[in-house]
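Colleague: Going line by line, the protein sequences match chains E and S.
The first sequence begins at 117 in my numbering and counts up by one.
The second sequence begins at 885 in my numbering and counts up by one.
Calculated from the structure, these hints are not laboratory results.
These numbers were taken from a predicted model, which means no experiment stands behind them.
The reader is advised that the hints may include incorrect statements.
What the hints assert, rightly or not - If you want a taste of the chain S side facing chain E, the calculated C-beta under 7 Å gives, among others:
#: 1; residue: R952
#: 2; residue: L954
#: 3; residue: Q983
#: 4; residue: L1058
#: 5; residue: G1059
#: 6; residue: S1118
#: 7; residue: D1123
#: 8; residue: P1257
#: 9; residue: A1259
#: 10; residue: V1264
Glycine included, C-beta positions come from ideal geometry on N, C-alpha and C.
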Amino acid sequence: MIRRLATDLLLAGPAALAVVLFIFLPVAVVFVLAFTDYLVGAPTAEWVGLENFEELFGSRLGRNALINTLIYSAVVIPSSVILGLLVALGLHGITKRMPRVSAVLRTVYFLPVAATLVAMAVAWQMLMHPSLGLLNHWIAALGLTPQQWLTDRGLVLYSLAAIGIWQGVGYNMVLFLAGLSAIQPTLYDAATIDGAEHGWSRFWCVTWPMLGPTTLFVVIVTAANAFRVFETVATMTDGGPAFASDTIVYALYREGFVYFKAGYASAITVVFFAALLLLTALQIALVERKVHYR
Amino acid sequence: MKRLLLTAGLVLAAGSAAAETEIRVHYAIPTIWAETQEALAEAFMEANPDITITIDGPAEGYAEGVQRLLRESVAGTAPDVAYVGLNRWRILEDRGLTQPLDGFMPEDPAAAGYTPALLSLGQFEDTQHSLGTSASTLVMYVNPDLVEQAGGSMDDFPTTFDGIIELAAAIDALGDTIEGVWIHRHDWRFQSLLGSHGGRPMTADESDITFDDDAGLSAAALYQRFASEGGMSSMSQDDARQAFPAGTLGIMFESSSLLTRFVEGAGDGFDVTVRALPVVADDPSTVYFPTGGSGIVLLTDDAERQQAAWDYIAFVTGPEGQRIIVENTGYAPANSIVLDDEAYLGAYYAANENARVAHSQVAQYAGPWYAYPGAEGVAVTDLIAAALVEVTEGADVEGTISTLADDLRDRLDMQ
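Based on the sequences and whatever the hints tell you, model everything.
Modeller: If you want it as structure tokens, here you go:
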């Protein structure tokens, strides 16, 4: 008995210790710092209570970052989920007839996920260059007005969202494909007998309900990724021009690592952490109750 | 790197009897500095066999470098000396990490090449916290081909902002993909235009913001005029830095440190030409151009190491070290002897007329890159940039700049 306990401890102990030391402890420190005005490298810090949180939700800049993140997510989440589903349905449909083409297309759609986003951001920056970029050349060739994709304050957030969608579609496609292949063919046979013979009715009566758990998972993952948007902002716009593409995680980085305001950055982290925790809790609660058919 | 290891190894072997002091050096931006740092360390150790220079792995940029120095100082593993951005040593000074250099300075700094203008780059409240190691100011990069197509001439190139805006408009009219003029909407560029008008961003004791005076308003109004009259677009910095060497931008206000990069980028396309920034103030003695680049700070508090570290600092800021830095990086020197004495860089300048223009502007008008004090000091520079974006897009200059000034006073606790 004791020997078994020792073995268990030996197996699980080191990893648990590492998790406590390197994850739980730092998180606890961040929670404490969030209530101080600590500056990186400063010898002391003052306890400021909820002041940091007031600044995040009360100041123009803090609210701007929150709203930008919400707008970005509102564009990216539905678009990349729906597009991912459409692509998956199309590829699933042609798998039997044209397996080669389907495999190639699958790889193509998945490439943005596998590629490093920072490197891809540089490529996008070239495409979106106002005078040298391919995008504006095409637009001019079509007789439309070239745009300042990344430096127009009204447009920049949507340009970044377009890149976010481009990145998300491939990932969502793979998840939906897995979900589709898990649907038993017998269900379609049963639907045919019941009179659902064609496209839409088969989708609505069988495919969509059976994809429920997958869809929920995809939405949650996409949402978490959209809230976390950082790389494209940091490499392409630095949150600018004039904070027009400042998002919550970029603000966190800016305050903590550029302005050295560790206390305020910790407060942003705490809020962000709470939001993600809520999202995960929601997922668990819904998955357990609603979307599984047993 | 291999060469560095080799020299370090040789010095260790040769100097094991004599080498007593090891000085650790931190620097940033290896793409510009890596070879220069090796050359400096090598030359210094040759002249001082009893001191060994160890170079830390470089930081990617100045911002990251300061972060690392702060972390290392918390952990007690900070290097002995560090090269930091000229606008960033105040972050270290603010936390009491820099050791004053006054006790080490020569009796007559000017005779050693440290002119008052150059010393001002590292001074705060009459204490010398840093010495400049490389300098750059805002200059105009011109594409002579576009100027001539637009009916201008390089011999008769405008020396006033009015003339430049007129020329820029003519260049801009050449075609849809041709831009006339561009300047980054950024704290340092704004301070440069302000200095050209004889203005200052703050009072000398840093108790109040002063860029909402006439000089500041005209400087900000230039941004608006560049856009409304000169046709300046809202290109980002990266966009503009690609557009100028590609030959689609006529006049670009940029740091003189980008000269080598632009000349390489333009290749055979056109002859990149540098012109000095126009001076607006009636009294040239009030003019200053905030100086970018790097300065060196002393971090160790151990008396013996301090002396050895000072020997290194004196070497790299002295004429010999400065010659190495100028020849390798293209930055302007931060020691007047190398500029005055032909023996050091005479041949270099004879071959680089553009560098001569840029570097003599530094020698004439170098001034500190004002860093705003306190916890919000870095944060407010982004507010300045945001206000300049608004002004460029047509917002009322006086209203925007005075709101900005009040906002800064509030955040910097100046009221």
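Colleague: Return the numbers of the hints above that this structure violates; sort them in rising order.
Modeller: 1, 3, 4, 5, 8 and 10
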